[in-house]
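Trainee: With chain A fixed as given, assemble chain B onto it according to the hints.
The residues making up each chain are set out below.
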Amino acid sequence: MRTLLDFEKPIAELENKLEDMKRLAAENNVDVGVAVQTLEDSIGQLRRETFQNLTRWQRVQLSRHPDRPYTLDYIERMCDQFIELHGDRTVADDEAIVGGLGELAGQTVLFIGQQKGRNTKQRQQRNFGMPNPEGYRKALRLMKLAEKFGKPIVTLIDTPGAFPGLEAEERGQGEAIARNLRDMFLLKVPVICIIIGEGASGGALGIAIGDRVLMLENTWYSVISPESCSTILWRSRDYKEQAAEALKLTANDMLGNGLVDGIVPEPLGGAHLDFEAIAQTVKETILSTLGELNQFSPEERINQRIEKFSRMGVVQE
Amino acid sequence: MSWFTRKDKGIQTPTEAKREAPDGLWYQCPNCKKVTHTREHRALAWTCPHCNHHERIGSADYFSLLFDENQFSELDANLTSGDPLHFVDTKKYPERIRATEKKTGLKDAVRTGFGRMNDLDVVIACMDFAFIGGSMGSVVGEKIARAIDYALAHKIPFVMISRSGGARMMEAGFSLMQMAKTSAKLALLAEAKVPYISLLTDPTTGGVTASYAMLGDFNIAEPGALIGFAGPRVIRETIGKDLPKGFQSAEFVLEHGFLDFIVDRKDLKMKLSGLLEMLR
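Sequence lines, in order, name chains A and B. Position one of the first sequence corresponds to residue 7 (my numbering), numbered consecutively onward. Position one of the second sequence corresponds to residue 1229 (my numbering), numbered consecutively onward.
Some hints here could point you the wrong way.
[Said to hold, decoys possible] Ranges between beta-carbon positions, derived for each pair: (1) K150(A) - C1279(B): 42 to 50 angstroms; (2) E82(A) - N1259(B): 51 to 59 angstroms; (3) K1330(B) - R83(A): 54 to 62 angstroms; (4) E1479(B) - V97(A): 20 to 28 angstroms; (5) T96(A) - K1473(B): 21 to 29 angstroms; (6) L11(A) - T1266(B): 56 to 64 angstroms; (7) V97(A) - T1308(B): 38 to 46 angstroms; (8) R243(A) - T1308(B): 26 to 34 angstroms; (9) H1278(B) - L261(A): 53 to 61 angstroms.
[Unchecked claim] Every beta carbon over 12 angstroms from chain A, so not counted as near; a handful from chain B, in silico: (10) L1253; (11) Q1256; (12) R1267; (13) R1284; (14) S1292; (15) F1295; (16) A1327; (17) T1332; (18) F1342; (19) K1383; (20) D1430; (21) G1452; (22) I1490; (23) S1501.
[Unchecked claim] Computed footprint of chain B on chain A, listed as stretches where at least three residues anywhere in the stretch have a Cβ under 8 angstroms from a Cβ of chain B: (24) 175-186; (25) 211-221; (26) 224-238.
For the record, the hints were derived by calculation from the structure and aren't laboratory data. Every residue, glycine too, gets a C-beta built ideally from N, C-alpha and C.
Chain A with its partners taken away, still in its complex shape (with noise of 0.2 angstroms):
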């Protein structure tokens, strides 16, 4: 069963429609071709509408689709083998993070990802995408050891943000993500990440300092989610949109402004109408941008790094 958002579902009830018409012709055998092609003409033509002109906030409904695909889903489709590496060898396993190494046509790389859950089981384990310290130190280790062993590095980004927990704070969050920014400015290996859904804050940032960051198109990364900015600035939850709005949270307003590299384009409609060809796009999208990194030393792709972070601000002299 298809979940709907509020701008999908006039799209819907005309997909609807159009199975009636195609049902009830071949029941009753009746030629309707022509009224089936009207019909399709204007599906297309109102899903294009829609989704060349989707609000900020509509973006941020879309990256967060229950039926979007998450982290593992596309790890299973891009590679032909998947071995996950589970726990930070300190404390625990986290497993609102996961990671481990994948052959991605016929070369290996390491995988990093927040994972979401899709039932309210899987969320409760997954911690709906929410790491806790121990899962930011995992991702470290593994990174560590893609480097020992000179394999690429990729993160998938999708978290609500880091957790906000009483066990977390005692475990030190802070100082995980904190030290994730600064060993992963240092990593040898090429490192590419890529916003898949909710890039929300230093619980993405944490896993997103690379080489090449870059964004699916209904995707958001911010400092802040728009509900929490509205809370914030707006002292009520009711401001989200215009939050999102100011936030420029968007892939277009963030590659605008420097703050990330490059965006991956969706099937129209969104990433979670067709987990393959998205797959096959992001796949395509990291093969590609590893054989541009591979041009340069370690020592050039280090400079590269922490040179085009440093350049990130705005201020007057």
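Mentor: For chain B alone, coordinates are given in the frame of chain A:
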């Protein structure tokens, strides 16, 4: 009902005749409510002589405490904020900045400078909570980055004094990337083996905790300072329970292994220079 009636008769000072002490002569501690003469409070590095409450002070006060004879050269003093996102909430961002500049006399939420501390060369960056809650935007990130560049170029130890609510929402994505930028510079500083001391003061939370504040070779804090990633209110809402007493205090963070020690502000200069002396 004797507590409603006055025991001593004849106390009838009319309101207009009540005498207030002149402003600025006495300091009342917000913690223990006891009163101290301002001069004494200043001499105690703005700590309460009764309960040792550390008053929230700003960069000017820290500089006067740490730099010998308050002599220092300020770096990038005229850097001010842009408005890359044309951010408007209940107020336009540039208006908010101008109003805060006027109110505080500051240009943004951090000041940086170099000078000598007990005869040791040192670069100090100190945040000002009075400027939009010490929030980190492009100016904060850039000034800290440049201060680290200076420390790196001259091989001078770097001291960061954090006091911040975290990221500055009005700079959204730009604000987030200041965490990355400052951490990148600290990676270079660490590679060059230049000492970095991070002092966390009340409060240090959010993106500041999750970047430069926690990356010191030495992470130290003032007593009682609130230190955390998520703020207490957010955590309370998430877990739906009251938080234990002392949660996220400097003492709690020390107990959990994320601080090297807690330092009384009266001993700060001596402790910092003593530590740097041992690394020479």
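Trainee: Determine for every hint whether it applies to the structure shown.
Mentor: Evaluation of the provided hints:
no., hint, in the structure
1, K150(A) - C1279(B): 42 to 50 angstroms, "holds (46 angstroms)"
2, E82(A) - N1259(B): 51 to 59 angstroms, "holds (56 angstroms)"
3, K1330(B) - R83(A): 54 to 62 angstroms, "holds (57 angstroms)"
4, E1479(B) - V97(A): 20 to 28 angstroms, "holds (22 angstroms)"
5, T96(A) - K1473(B): 21 to 29 angstroms, "holds (27 angstroms)"
6, L11(A) - T1266(B): 56 to 64 angstroms, "holds (60 angstroms)"
7, V97(A) - T1308(B): 38 to 46 angstroms, "holds (44 angstroms)"
8, R243(A) - T1308(B): 26 to 34 angstroms, "holds (32 angstroms)"
9, H1278(B) - L261(A): 53 to 61 angstroms, "holds (56 angstroms)"
10, L1253, "holds (37 angstroms)"
11, Q1256, "holds (30 angstroms)"
12, R1267, "holds (38 angstroms)"
13, R1284, "holds (20 angstroms)"
14, S1292, "holds (26 angstroms)"
15, F1295, "holds (25 angstroms)"
16, A1327, "holds (15 angstroms)"
17, T1332, "holds (18 angstroms)"
18, F1342, "holds (19 angstroms)"
19, K1383, "holds (19 angstroms)"
20, D1430, "holds (15 angstroms)"
21, G1452, "holds (16 angstroms)"
22, I1490, "holds (16 angstroms)"
23, S1501, "holds (26 angstroms)"
24, 175-186, "holds (count 10)"
25, 211-221, "holds (count 3)"
26, 224-238, "holds (count 6)"
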